[in-house]
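Protein chains in written order, with our numbering: chain A, 1 to 93; chain B, 1001 to 1481; chain C, 2001 to 2451.
By construction, these hints were calculated from the structure, which means they are not laboratory data.
Any given hint might turn out to be false.
Dumping the calculated DSSO-like pairs for lysine-lysine here, alpha-carbon to alpha-carbon at most 30 angstroms [stated by the list, open to error]: (1) LYS1172(B) - LYS4(A); (2) LYS2428(C) - LYS2270(C); (3) LYS29(A) - LYS2311(C); (4) LYS2311(C) - LYS4(A); (5) LYS2222(C) - LYS77(A); (6) LYS1200(B) - LYS63(A); (7) LYS1135(B) - LYS2060(C); (8) LYS2222(C) - LYS2263(C); (9) LYS1243(B) - LYS1172(B); (10) LYS21(A) - LYS2311(C); (11) LYS77(A) - LYS2069(C); (12) LYS88(A) - LYS2009(C); (13) LYS2072(C) - LYS2039(C); (14) LYS2014(C) - LYS2039(C).
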Amino acid sequence: MIQKDETKELAWVARIAVEDKDIPEFQDKINQKLDYYTVIADAPTDGVKKTVNPSRLNTVLRKDVVVPSMKVEDALKNAPDVYETSFKIPKIL
Amino acid sequence: MVYENPDGVMIGLEVHVQLNKANTKMFCSCTSDYTDSEANTCLCAGCLALPGTTPVLNEKSVDYAIRIGLALNAEIENETDFFMKSYFYPDLGNGYQVTQFDRPIVKNGSVVIEGEDGELKVRITRAHMEDDPGKMAHFGTIEKSTGSIIDFNRSGMPLVEIVTAPDMRSAKEARRFLDKLRSILEYLDVFDGTREGAMKADANISVNVFNGKRIEGTRVEVKNISSHKAVEKAINYEIMRQKDYLRKNKQLVQETRHYDEDRNVTISLRVKETADDYRYFPDFDLVPMIVGDRVEGIRAQMPELPDAKRERFVSQYGISDAHAKSLVTERAFADLFESVAAKVDQKSAASWVADVVKGELNYRDLPITAIKGDDIVTVIEMVTKKEISEESGVTVIRTLLDDGGKPADIVKAKGLAMVADDFIATAAKEAIAESPDAVADYKAGTEKALNFIVGKVMQKAKGKADARLAREMVLKELEKM
Amino acid sequence: MTKDIASFKAAGDKAVAESLEKIKKDDSGIFIAACGDAKAAGSGPLSGIPIAVSDNISTKDVETTCGSKILKGYVPPFSGKAVDDLTNAGAVIVGKTNMVEFGILGAVSTKGPVKNPLDNTRKGGPSGSAAAVAAGIVPAAVCSDVGGLLRVSASFCGTAAFKPSYGAVSRFGLIYYTGSLDQIGVTATTVSDVVTVMDVLSGNDNRDTTSLPDKMVYSGGKPLSGCKIGIPEEFLEGVSADVMKTFDEAVATFEKLGATCKKFSMNTAKYMQPVHDIIAAGESSAMLAKYDGTRFGPRAEADNWHEMIAKTRALFGPVVERRIMLGIHLLMAGQYNDYYMKSMQTRTLIIEEFESVFKEYDLLISPTAKDVAPELGGACGAGCDQEFSSYSTAIAGVDLAGLPAATVPCGFVGKLPAGLQIIGGYLKDADVIAAAEAFEKAADVKSPEAK
Ligand SMILES: [Mg+2]
Ligand SMILES: [Zn+2]
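Next up, chain A with everything else stripped away, as it sits in the complex:
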């Protein structure tokens, strides 16, 4: 079960601005899920391999052949802010 401050911390790790007033509800609903998940504790998984993807394929590789790049206008078309041909963002520190 997670505590209130852990819920706040999780919101920051997720980079989601959650308002303080909403934290208890978030905590509560996340905990309900965690509680629900306890069912799997008794699954007999000792020594069982993990499945990451239901595909039965392996070693799917691509030939090293260049495909032309997209146009820079297309690359920048959805950008919220640009500087020359770069994506522009506020300072990071």
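Assemble chains B and C with the ligands onto chain A, guided by the hints.
Coordinates of chains B and C with the ligands only, in the frame set by chain A:
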């Protein structure tokens, strides 16, 4: 001699190597050659992490990683896979880096370098594949910027991260490791070290002896070191800083520092109170890789590596170990030497290529392609046949590099051809006639007097005479007297 | 109300225009946007046929939002493989169907809920794809099917739908939130129309690693006579009495067709939903990390980047936000082994049990959803973290093992249809299709109004 390592310095390196000899990026078919391109012009929706893009692994990046593993005397994992490493940063479009975790493709290798006290085996803990993020630039310095811009051309470049054990004991050893690694990678033809950002190192540094006593040092990670020269400086700075803190009884913290090359200082970026939780988990967008069956084919195609080549050069050509060592640092150099050695005396070839050509190229910061092997052969032949002197040979090489042209034309234009034997015979007679005192001294047993007379002959020949021949001729004339 | 491909074909040049007209007038939340134009029709098996795709399938130059505020204004510079396949087959993509935000069951779309064309006081499911078919606007819709996004919608609206074996349809351009559980499928009036569209969509795509090397063949499946059908008892748990009645009738129909149906128990069934939920949460925390207002999408104002992205990411709805936070929590070192690792291992047990079950049975059947379409503005009106568990254990199991599954209507509860799910072994897509077609024909389910 045993290296004492008085400060108990332990250095481990994490070296990021771009597999930039592959044509395309790691998970998409964009070109890997973006060096001279405008920002955000060498990419696809996947490089930009636009929604709905799916990764497909480049087979070259796998084969190159295996090649590197074999060159590092390492084990290649048969079944391997990718993980997502999550963190938010502007240049990391997906919000996670695709990397490897508990099953790196390469593990348990080693590289032998020239350490402070002879050969040092640096253990390679692992080498794993991962993709490169984009590149950020700041308006102003990173600490005081008003904003940043991002170029995703680099995003998705295939990397291999090579992680060493903390086996290096000085900045010099760290640098030698990197030089050796770079040399090996270039031999493997997976990597072009001249491209910007091709190799970057993070160094983990700790000082573990204080006042002659063993202490539990604090491991500090210096990130973002991009040149080999900078590695040495950054590490030396950091060792000094740690020693200074210990002396002043200041608290060292386990942290990540950034090396500022312009100011030659390391700057604290953030304190690691707890280890970062990157939430590594298997990349569900990719399927497992079974690579064991590729290994033997790749092994069969492995080029001869620097150490083996060096041994072969000594035994096959009978050249000195020092020459061999100098010749093998770059594969192209070694090849140049061999092409020259096939046509002329091998020891002469070694000394001309290793001592003269390499030095003159380095001095001019020119690539090896600036000179032709055949021209070197011509110069060596002219010197051997005494058509020109050794000094003139060097002049011809310099002129070739500075102005180009053909050796024969340069010899003619500069009047470097040796003077004829009868000219020297005449000059010897004249020199003896002009130096009665020296002749008398010589006859009286002062050997040195001979040098004076020979010098005079050389003066008359304006340096274009073979010094040994001049000496012989003088002696012959003196005997007649 | 529904119209099949043949009747749209019969409408000729007007088919696309009429379809577009209806989408523009849509006030039932079936569509997020109309797109395309009648002149775009090409030649091929779907020539001149209007088709809808869910709003999480990228459409070049057409806004694609996944029902989320965080993608408002995002116009993909490329189309998904499914879209290219459809247009290459002559179809016109006429609209982007509504869907719960990013396909996360219980989340809320910017467009609100989909109203059920059969009863507009009821939901049409988590996606508008089946409703678009049920309302006769398009003969078929293509929709990703994670957690029943497609199958449950079809069950609620009385259409046929099929989700193929994992890898049969390229996911290139599909904006999935949980890549190992999602697969594109089709809903249409009849199974045969579903197959017509599936045939266009199936095939290898070298841009998707999980894409199967060979094109899936949907014909030539096993006939029902002599077929052994299994009914996992756990797939019936919590099913309403009314829906159970329709299911029992379906069982009788199968037996009439010469199949034998037998109930049995699956040991791993109880793990299917929680494991699906844990894996989906973990994968979503990574897949939804790219929405940071840096390269595309809306951006909130703030003076440093980390604050800026946190404010931007608050555009996700609360159910999605909690899903991401939960996923992050589950993947952190302290919890990883007990939840995520355990789930990946349990997934192996689930797949292995399905494999052994399919040695004994040719097919499995279950109700597609536990109940008929719920009321609008019910318990999940404002978003609901638990909505997935109210559907079906069978849906979770199918997703986890990447199995082919069809849903066909098997009866009505008042005005509202109930769906029957037919599940096949991995790559046994043709068997599922054959059974669904045979059942559809024999059961001849019609709404009370149609009768
Ligand atoms: Mg790394
Ligand atoms: Zn790309």
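Could you check the structure against the hints above and give me the numbers of any it violates, in ascending order? Failing hints, ascending: 1, 5 and 12.
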